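Enquirer: So you can see what is in the structure, the chains are spelled out below.
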Amino acid sequence: MAQMTMIQAITNALDGELGRDEKVLLFGEDVGQSGGVFRATDGLQKKYGEHRVFDTPLAESGIGGLATGLAIQGFRPVMEIQFFGFVFETFDEIAGQAARMRFRSGGRYTAPITYRAPFGGGVKTPEMHADSLEGLLLQTPGLKVVIPSNPYDAKGLLISAIRDDDPVFFLEHMKLYRSLRQEVPEDAYTIPLGQANIVRPGKDVTVVAYGAMVHTAVKAADEWSKTRGIEAEVIDLRTISPLDMETIVQSVKKTHRAVVLQEAQKSSGAAAEIVAQITENAIYHLEGPVLRITAPDTVYPFGMIEDEWLPTPDRVLRGLEKVMSL
Amino acid sequence: MSKQTAVRHREIGLSDEQVLDMYRTMILARALDERMWLLNRAGKLPFVVSCKGQEGAQVGLAFALDPTRDYVAPYYRDLGVVLRFGQTARDVMLSGFAKREDPNSGGRQMPGHFGSRKNRILTGSSPVSTQIPHAVGMALAARMRNERLVTYTSFGEGSSNQGDFHEACNFAGVQKLPVIFFCENNLYAISVPLARQVGCERIAQRAEGYGFPGVTIDGNDVLAVYEAARTAVNRALDGLGPTLIEVLTYRINPHSSDDDDRVYRSREEVDEAKQRDAIVTFGAYLRSTGVLTADKEQALLRDVEQVVDEATAYAEQAPYAEPQEALGHVYAQ
Ligand SMILES: Cc1ncc(C[n+]2csc(CCOP(=O)(O)OP(=O)(O)O)c2C)c(N)n1
Ligand SMILES: [Mg+2]
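Protein sequence lines correspond, in order, to chains V and X. Letter by letter, the first sequence follows residues 200 to 525 of the numbering used here. Letter by letter, the second sequence follows residues -3 to 329 of the numbering used here.
It is possible that part of the hints are untrue.
As a list, the in silico DSS-like pairs of lysine-lysine whose alpha-carbon atoms are at most 27 Å apart [unchecked claim]:
| hint | chain 1 | residue 1 | chain 2 | residue 2 |
| --- | --- | --- | --- | --- |
| 1 | V | Lys245 | V | Lys222 |
| 2 | V | Lys452 | V | Lys323 |
| 3 | X | Lys292 | X | Lys40 |
| 4 | V | Lys374 | X | Lys292 |
| 5 | X | Lys40 | V | Lys323 |
| 6 | X | Lys292 | V | Lys323 |
The hints are simulated quantities; they were obtained by calculation from the structure and are not laboratory data. All of these numbers come straight from a predicted model, not from anything done at the bench.
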């Protein structure tokens, strides 16, 4: 099996899907000839031709609308937003149009689009590039939201996203693009959307995370196991919509304590939703309040301090200490 | 020695001092740009976005504006414009190093994201074209207050595809607002060439649909840009409405310090563009008219080098912002 970085796994998944289904199209800014600003689509235009892998003009609203038009006519568009922060330019096309097409038409039209976008902090790129805006997408019925934490999952989840009959937002954390390698099968495989993964079993406390924060959580959990002998169970959500509450609740029933980790600002995001659902579904199993470990409710900061602004393993440890003491 | 007959800049009303000032601004922009690029390659600056090749057009335009009267909403390559509007070499370097004293955003944004209230420069942001409707709003504000001024906004040709550009032009056209839309057409939007961006021949043609004039000018002809800009300024001040000025220019460097332009354009094309670079051609013009003597040129270059050295040294040792400063300025205190 080949060792791949996450970006290679993504290219590999796109390549496979373009080869499998001629209805799959790939477009966005700089994705064609140059292969994308992060090289995610490297070589694909050459292999599949300009009619299937193409550069668009610089206008996200138009790109999003184009994707919807193609999708309702039976294509499987995979469109790239060069940085997640530029989702605002095309937010109506995604949340107001594509995500509601099925509902509005009473199921007569659907828009099975895959939106890909790099995002995430810790790579010294400032606001609008590093922001974790996934909370905005969560309150969009009709849209699924996927955030892989490793190369293997990225491939399986991206293939599922492309084959899914609803629009899916697939978010690629920039810090994970090239920072780890993993065995990734060359052949296609899928990971179901809405199925979390227990990446570190434990019995004392549940830690829920997604994206790059999964690695922060595991690091903190390992450290804690060594120094304190307390075993945290780390759940990698893989998709934040739909949410695999079953796995979370199961875990909480075992550990009776939970913390939720996210890179995004604290208020009203994925973590807040998870906390609410834990209390709705497992309050009598809890021995204390569920805590959130997140960024503060301020704008993404300058590079020099982003590592402190984002939840660090240290802050996770402090959160864990607190949740154990409650 | 200077030939008194038919000297082009004097014919259009520019003094020798003014054209020398223009040239110095171009040279300073270039020197700062090149220094930042070097510092990036040396691992000292995280990111640079370059003005190289576009300084002549920027300076030609900016000298038709009045930095004490007008407002500018520039895009990230407009180093020549912000220098004209009073940003200093130090300011530029502080921004490059993302230091606390950076007047643009105190290191909160990438370099090239200009902004300075005291210099009448609107704070911009990363999503392209967002500044264009802002300039229109500022022009409407001026009209409402009976202030006689012009707002300037700039963008690349690729960015002229954004809805923001079209919606802003439309509004300004309807209201006949005093706006100058300045499109710096450098033929590429990152890797995507002009022909893949627009179906029309000239970006300037887009103005017609919004009911105001659009002109296309050779961006390496500093004086031609100045003249077109002055016409547009007068039109705006006379209440006749906006103008779209498209300059044909070239970005000599890759899109940014993270870009590799060898993937999408040939070295021959870049080398050929370097020959037409306004720094070269305007310098030659000034020498031929006797305005730029060898002595003056040497003094100018020495002075610019010193200014850039000083700015670099200052910015490099300047402090970063304190971590807690990153949490402020979200709401009014
Ligand atoms: C809304 C938005 N989409 C994408 C980007 C990424 N991006 C930054 S600059 C650029 C190309 C701009 O090209 P052009 O308008 O021609 O200006 P130039 O850089 O050539 O001067 C792109 C795609 C962005 N900053 N904002
Ligand atoms: Mg351009």
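Enquirer: All the hints need checking, so say for each whether the structure fits it.
Expert: Here is how each hint holds up against the structure:
1. V:Lys245 to V:Lys222: holds, 17 Å
2. V:Lys452 to V:Lys323: Cα-Cα ~39 Å, so violated.
3. X:Lys292 to X:Lys40: Violated, because 33 Å separates the two Cα atoms, which is more than 27 Å.
4. V:Lys374 to X:Lys292: violated, 50 Å
5. X:Lys40 to V:Lys323: Given that 27 Å is the threshold and the Cα spacing comes to 13 Å, the pair holds.
6. X:Lys292 to V:Lys323: Answer violated: lysine 292 of chain X to lysine 323 of chain V is near 42 Å, above 27 Å.
Taken one by one, the earlier hints fail for this structure at numbers 2, 3, 4, 6, listed in ascending order.
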